[in-house]
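Asks: Here are the chains, one letter per residue:
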Amino acid sequence: MAGAMSQEEKKQHCPGACCTAAAWTFARMEEVWSRFRPRTPYGKDYAVRRVVRSDPAGIELALDETEACAAFAARNADSPLTADKVAWHLARIPRIPPADGGSGAEFDISEIFQFKKFLWNYSGLCALLDRPMLDMFGMSFRSGGLLAVLDKGGSGPETFQIADGYDEGLRETRTAILALSERLAWRRAAQEKAVRESWGIGFEGREFVMVPMETGLVISAREGEGKAELSVESYDEHSCLVRLIPDSATLGLERERAALRDRERAIETRIRAALSGLIAGEADNFREYIAVLTRLDLAFARLAMKETFGLARPDLSARSLAIREGRFIPLLDECAARGTGYTPLDVGTGKRAAVLFGSNMGGKTVVLQTVLFLQIMAQAGFHVPAASFSSRVFPFIDYVGEGTARLTRGLSGFGFEIFALCKALRQAESVPALVAFDEFARTTSSEEAEALLSAVISRFSEGEGLALFSTHFRGVAREPNAQYFRMAGLDVRLAREAFSGKDASSPREAEAGATGAAGVMGAPVGASVPPGTAEVQAGTLESRIRRINEMMRYKVLDEMSGAAGQGGSDALEVASLLGLDGRMVAKAEEYARRGRVQETRYGA
Amino acid sequence: MLPDASLFFDRINLITGPSAGSGKTMFARAAAIAVRAAGGNVAMLSAGAEGFGGTRQQASARRAQAPEKSLARLRRGDVFVTADAFLESATCLPEILDVVPGMSALGRLAIARAGRSGSTVLVGPERNEFLAAAAGRIVEEGWASTVIIDGSLNRMTQIATIQGARLFYAVRASQSDYMRTASKMNHLLHLLELPVSEGDEGQAGFIDIEGPLTQSIAEGIPEGARAVRVGDFSRIFLDGSECAALEKRLRLCVRRKVDFGGFSVVLRGVSGAGFIEAAGPAAAGKVVSWNAYACEPAFRVTG
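Going down the list, the protein sequences come from chains R and A. For the first sequence, the positions run 1 to 604 when the numbering used here is used. For the second sequence, the positions run 1 to 303 when the numbering used here is used.
Treat the hints as calculated values from the structure; they're not laboratory data. Just so we're clear, the structure is a prediction, and the values are computed from it rather than from any experiment. Glycine included, each C-beta is placed from N, C-alpha and C at the ideal position. Each hint can be trusted.
Examples of chain R residues toward chain A, derived with CB under 10 angstroms:
1. SER239
2. VAL242
3. GLU264
Bound conformation, chain A alone:
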């Protein structure tokens, strides 16, 4: 079942996931279909171009052989970002609106609008700040009010660069890893719900960390510390057990909370009920899409 369009409307949405095949791209496309169906105008971006590294000439040649799944289907009026090489062969009659700062491995990147329904390969800036600039420009100029970014794999820090963006996290669970996936979802949810702390600077035992919080940094935190604050959850590079150990001795908090839209879950070889049981009500309740391409609601979860 398509996700609820209202989750994405009139904002920048960043979709990321832990690994290839997590359903990130599929969820992004499903989100775009849902927003269009609800009457919204969509901009679709991706971070980099997975599977299209190399020179521009190679890219041109590859375009002809691009598998169906690499092509983003666009409707007239959709806004998108791609490289010069793919503009030439796009079937959606692109109208160039702007050129994105910086260059990609596939050449210059442009923001374009589809003049008719068709398809192209989405290629976005590899650097976070350029990705943020492109998304910001689309919204500022009013070219589209809803931006859907198919983000980089396992690069949660992107969310910190794109101020105000809503984060979605796509996972795929199979028979062999669904317990671990469920555990990771709960850990992520825990980090996302860390309290925001303001004005504690200067208090005894309060430590403000500007950069990332890694295990080695955590080990260096003095015994007397009462609280540690980081920029946002994406700056925490601790797994569940490391985080729990740290939180036993002090309070972990953030300067800024990230707007979390929810999880997209693709199940393969796992029953819905079994996964819900493994994930527990908190994580399962944050799932906004179960198999985005299912033709009927796979599961309804409340609470």
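Isolated chain R, as found in the complex:
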């Protein structure tokens, strides 16, 4: 999957007690989460934690804040620059060290710089946001005094140095240092000029230069005459290194400058301590600013998601689940990339358990994924991709199915499912849980699997939460507190039309009579895949999946709706469409008719 978590992300991934990693992965949350992009380091920290909440008030507040940002954007629709400026300030907020920093702690100048940059951008945001926004986020700037003090240091609002303006003594010291440096530079320049004129040696700002051995020997001889202005040391047999020797006056000036620098450093240390004290005095303000900024940043980032995906506010006050036109974004993106259609999900139940039967490749798993996806998004404080989504807040969200088995060594797929079931049961007994079971017990014998699944459905239907089951096992017991659905499945009429060119009454018969895949795949399949195209004739997996998608009706129906006997697995039709040898499919159908291998229809 496109947004699969890296090892590093997996380490960081912690949906918390509310949502298990299995549920998060099953719902393919990472593929959408990667597009959630807060701008501040604090918002990014929050995003990394993948927080799924179980406090209704917190979720509603997050939704309110997103809508407040949307309203702010609408109020400023005529001045898009305002939104850009907000984003700009958020992106420039640095991470600051704890402002109280322990007793008597002093901050480094780079840390003081970060406080200044933080305050400047925070105050900029306060100035940009209007009253409704400031009220919504409880935002105010109370550190004008500190910012003014910090503003004295540095040439701009986002730079910092211990500037002369902090202390008259510092200014005087630096002025003296500058004057000495200028004198030293002048002396050095004069010395360089003299050497250039005497010896033709140009230093050009270098501390030393390399000269030919002959030149070095001549300079050395002069050194012996007591007229030293250059020191010479051998480099190799071809050349020497030459340095300027400072005279006593120069050395005296350098000593004087070194003493002034010591004084300068002492004053700087004093100023740094004073500034650190001022910052520590505002520790409470900084804590509050960080909290407010995090909420503001997350709200704008959630708004960006809302606008990108066209999300709607979820209603989490309902007792039952109702989804209208729910969109599972990871799959929607896949369909768009593949050029196939996507059917949004309409489903609802007021029961404690919902069981979904249906075709192979009929969309049962996607229904479960969509429900979990919407629920997790909602509980993460996001608006959701649906025309409407009513549900409640679940303190625990889990998934039990094959997908997680590969994560644990030493257990078979079935073993892991049972292990996961035990964990889910423990949680569901203490809090109302949302648990999705995708084809539970699919890997064991159908008779025992049906019995076990019936028991699990029974237990969860008596609980306080909501359990969702997808399964092929139509023989499970019908519980009064459970609701039973089926996927609409393969459109038999379309499938038959697909094979009509072969004068067959069913796709399987047509396949049986065909000489090869090209004959089957060359049949008319609908507008988006014209018959006879190279792709179809080649019978690529992609084209076959597209054909199945076109013939499959991804709708959730009540189990008893439609003609009796509908809602089977359509396994043989699907196998045929996927290119299984036609004679084998025909033989399987013959067995099925005789009822000798009825159970294989429900197997893997």
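For this one, chain R is given, so just place chain A on it according to the hints.
Replies: Frame of chain R, contents of chain A only:
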């Protein structure tokens, strides 16, 4: 003689070399002097802090004893990167412009501007991506248009991280190793001049290698292969003879060419003429600095 300033102007320059004492730092400083003299504004960075490992307290203590050669001399307006510990004791009146992501062994790193002439120890990010981020930020914000990075030893892969940077390679040749040095220069030049190949994917016998090309990977390339492509020259970890053996049976090419500025050569105990003869006209022609601290042109080479 100082190198030509125009080689470095308005770009990120990465200087690397094969070993300690190759003249990398000296060449970087000479380049900065040349750019300043030509009126350019310079940012100086280093990868890590050679010889200053350890705790921050140790670093503070070491600063007082830092030998002259560890101190970078800065002019007013120069931009540089260093650690907190050295900011406190820098004599160049640093003004903090930003904090570099990540931490070094010597603590937090900051991008600063010198408020007056003075000196400090340069300390840069150890991780390539942070080094690239710091250099990129300096250019993006317009703090300096010319960035000179004193890169890590023998870490050619840095150039791949810093997109668009110009590479310089510093070597030192002595009597005992100048033939080998000349040979390495020619091998490097050969790799740098490998052809760029685009759009050959899918052709029979064309192999695209995402990671490094080592000898063991080269040995695993099937006999029928016609061409092998790697990201850039820095992904090739084959010596001259291994490379030649591979190129006898297939074409070696790269996805991206690296902008090569030239060699800095420091000669010790070797005559210029002798080294030029050993290096040959191609490598010698790519030398942009012979003993950067020589007070007069050591050699003039054409072709």
